[in-house]
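Number of protein chains: 2
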Amino acid sequence: MEAIKKFREMIKKMKAYQYALTIIGWDSNTEAPRNSFERRSEMSGYLSKELFALRTSEKYQETVKVLYANLEDLDDLLQREVKKAKKELDKIVNIPEDEYVDYMKLITHSQIVWEDAKENNDYQAFKGNLKKIVEYNKKFALYYDSDSNPYDTMLDDYEEGMTSKEYDHFFNTLKRDLVPFVKDIVRKSNHQYDELRSQSYPKEKQREFSQYLLDEFAFDKKSGLLKESVHPFTWNTSPEDVRLTTKYMENYIFSSIYSTIHELGHATYEQQVSTDFDDTLLNGGTSMGIHESQSRFYENNIGRSLAFWQTHFKKFQELFPEQSQGYTALDMFKASNHVEASLIRIEADELTYPMHIMLRYDIEHMLMDGSVDVDELPKVWNDLIEEYLGVRPKNDSEGVLQDVHWSGGMLGYFPTYALGSAYSAQIYYAMKKELDIDQLIKDHNIQKINLWLKDKIHKYGSSKTPKELMEMVSGQKFNPSYYVRYLKEKYSKIYN
Amino acid sequence: MEAIKKFREMIKKMKAYQYALTIIGWDSNTEAPRNSFERRSEMSGYLSKELFALRTSEKYQETVKVLYANLEDLDDLLQREVKKAKKELDKIVNIPEDEYVDYMKLITHSQIVWEDAKENNDYQAFKGNLKKIVEYNKKFALYYDSDSNPYDTMLDDYEEGMTSKEYDHFFNTLKRDLVPFVKDIVRKSNHQYDELRSQSYPKEKQREFSQYLLDEFAFDKKSGLLKESVHPFTWNTSPEDVRLTTKYMENYIFSSIYSTIHELGHATYEQQVSTDFDDTLLNGGTSMGIHESQSRFYENNIGRSLAFWQTHFKKFQELFPEQSQGYTALDMFKASNHVEASLIRIEADELTYPMHIMLRYDIEHMLMDGSVDVDELPKVWNDLIEEYLGVRPKNDSEGVLQDVHWSGGMLGYFPTYALGSAYSAQIYYAMKKELDIDQLIKDHNIQKINLWLKDKIHKYGSSKTPKELMEMVSGQKFNPSYYVRYLKEKYSKIYN
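For the protein sequence lines, the chains are A and B, in the order given. Going letter by letter, the first sequence gives residues 1 to 496 in the numbering used here. Going letter by letter, the second sequence gives residues 1 to 496 in the numbering used here.
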């Protein structure tokens, strides 16, 4: 079929542009000299425009249309791919061009406005932009599907198939079953390990420990590498080229350890996707939520386990003989699971983290159904965080202005963070039925865990939906009660 | 004028592709994981093809033609640019497409064949490819200009305006005035500093010394960076983004020191080009020869001077207290100017280096005028190196097979290496009239030398020809006698 050939060719062309933009972005985030900024945005802006032109070209639209009209003649994988292509197109091409252009300008500008507003603690300066962003997003969602709740369309952008109904169920479960528990634990939290956590750890030694972790987690160094950046992230151009970064903070050892392990979760996922998908739209992890489930699984279920510290405390002592003096593996375990009610999401621990997400979900929900106005956000925010965690921001920079997401138009993204953790708990209990996780950690055999995840999740890339994967890996639909159970079991033990 | 606008737009488009390919290449040479090779060649191959299509498109050809027909209406800079564009096009578009495609395949294949041949010391396996490469290059040169000597066309590819007549004069001067001197010095060379040169120097300390050199040479770290690679090189995307690499060898300290300084010469040149040329064909250094003159000037005229070691031996002692014990700045100066007749070009010292180039020029010349056949090259090679340096290869891997250039179709490139050194000597004597170079080195004020070179050479980018620049900087045409004088003065002193 002629259309298939054309489709393949055009996808391949897009891949080349994406490849270039990924490498340029990687360079920019990890080493490019400061003064190169302006020229780079001009050059990569040009390439992005070319890519966008390809993605929305008449020829591509026509080809996808033809294939979509003949879906039943295609094999399963191609069907999935064409449906994805069709959906991506539908989300863009129904938007009038001038509105799209205006929106792109708005977003670019809003990020600078947000930065300044955060810096100056001035929500008034930002709220006009936010209001417009919310309106545009609603409008665009309705262009795509005028019959659906706009927020559902946005949620689906980041987690295929998830609706506000399902997220409501998820967050209501947390509100009912978790909030009281979290408040209770937070009250019991203490400063016993502050010294261990915040004393000085030379960066050079931290680097060594991160490299050691790469090996322990069986990361394939011939198909990837570790570097540093201001905000840790993982990028890939193919399973044979997966790069992660971490952040070394002299006075906070857990920053690099858990950034490295978290990103190793993302990276291992990407390294284990089948290379068969390289030239298709089915490459890479399937969704934000599933991706985050992997990074959280590695970070929390493995990296913050007692077995982990029983196994690796020896290496830690070797690298930090003075700093570790007088402490045990159990201390490390407890210190790495320190709980504290904080105001800032990205500094939150495993237990309080979902509270931060819940509040953002509540707010997005209300913005979308119109039950709250952009003007009222600071107060709504502060009330909610106080309700969930018992702390109240002194200003909007540590409240509603703290995150970049909304200024970039990302509405519907936040809930995937909590969803990922909840997925990882469900995966954890499924894995426990087949593997002795603690023993594998102690045996320095995380590779076996990697392979289990490869077989159940990773190898499929985006060829399965998140819902299909959750059923395949755990034998049942997504069920938030595993998450509550996991957190209660773990933190009850630590805090008696 | 409509054509100017079109021309500018197309050049800008090409710049974006070049930008992407440069960053991808940089990544590939300095850190990309090993297994990423295949995918990268596919992706960057695609982008290169797009770039080539732009460069040879009807639209571009048409635009250049229109501008060329109206040259006199254009300002000087645009005239120069259009002429460059016209010449580049003429060198490609007159070649029949099938021949061009065949040649590209031949070259890609030949590099693998050459690698194997070198590895197996088997010239017979390579000579068939070399013969074809020579024939194609002759043919292509004649397509461009059937009236000129084909070798002149090739020489002009790498050094605008240079002909075999001028190179003959240059190399004949060296043969007459330098060969006997070199042979004499080589006889006097000894192994007094072998220990100082080849003892162990920890790489970490070498890295520190290279970073120190970056500062001493006033390299702008906000507009560039230093990394490592197998073969040191310098790449740039604009004067605000200039990256160099060096190579750290535990048992050869001068590798990193002089690679760093050499590349700093290239890098300083690129950093000091006017950013006005960013979006034109006049960006970057003007020719191979002028570029090499800068790298050699920094490496040899500054880095291998007595003043250099008198100034920086202190830092060297600080980093290598044990290794430097019992030595003086004078020893460092002498050790870094150690002369030895070697068989391998890339290992040659400043004095014997031009001998290696001379022999390659002789051979290219003979290949081009047909006075020697590809079959006879090994013997011709061995005879010539013996004549110039008194050493004879035991096999072709250390003889005719040692360099990659010919397998990549680069005929006419080699002479620019020696030309660069000769230019640098002429520039050196011109600079000495205006600056006290030694004193500036001792005053840690290399920045003043940088600025002198910026003003006389660097800032012009490619807007001036090599010949124009040599006249501007030294007040006279290129004159090889400065080179002979410089080498004789320097090495007579060292070797009495």
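None of these hints come from the bench; they were simulated from the model. Here the structure is a predicted model, which means the values were calculated and not measured. Just to be clear, a hint being listed does not mean it is correct.
Pairs count within a copy or across copies, as identical chains cannot be separated in the list.
To be verified - Below, computed lysine to any residue pairings styled on SDA-like, alpha-carbon distance capped at 20 Å:
1. Lys488 x Leu451
2. Lys394 x Asp116
3. Lys5 x Tyr46
4. Lys175 x Ile107
5. Lys315 x Asn149
6. Lys59 x Gly45
7. Lys13 x Leu54
8. Lys65 x Val93
9. Lys59 x Ser255
10. Lys222 x Pro33
Next on the checklist: Output the indices of the hints that this structure fails to meet, ascending.
Outcome noted: 1, 4, 5, 6 and 9
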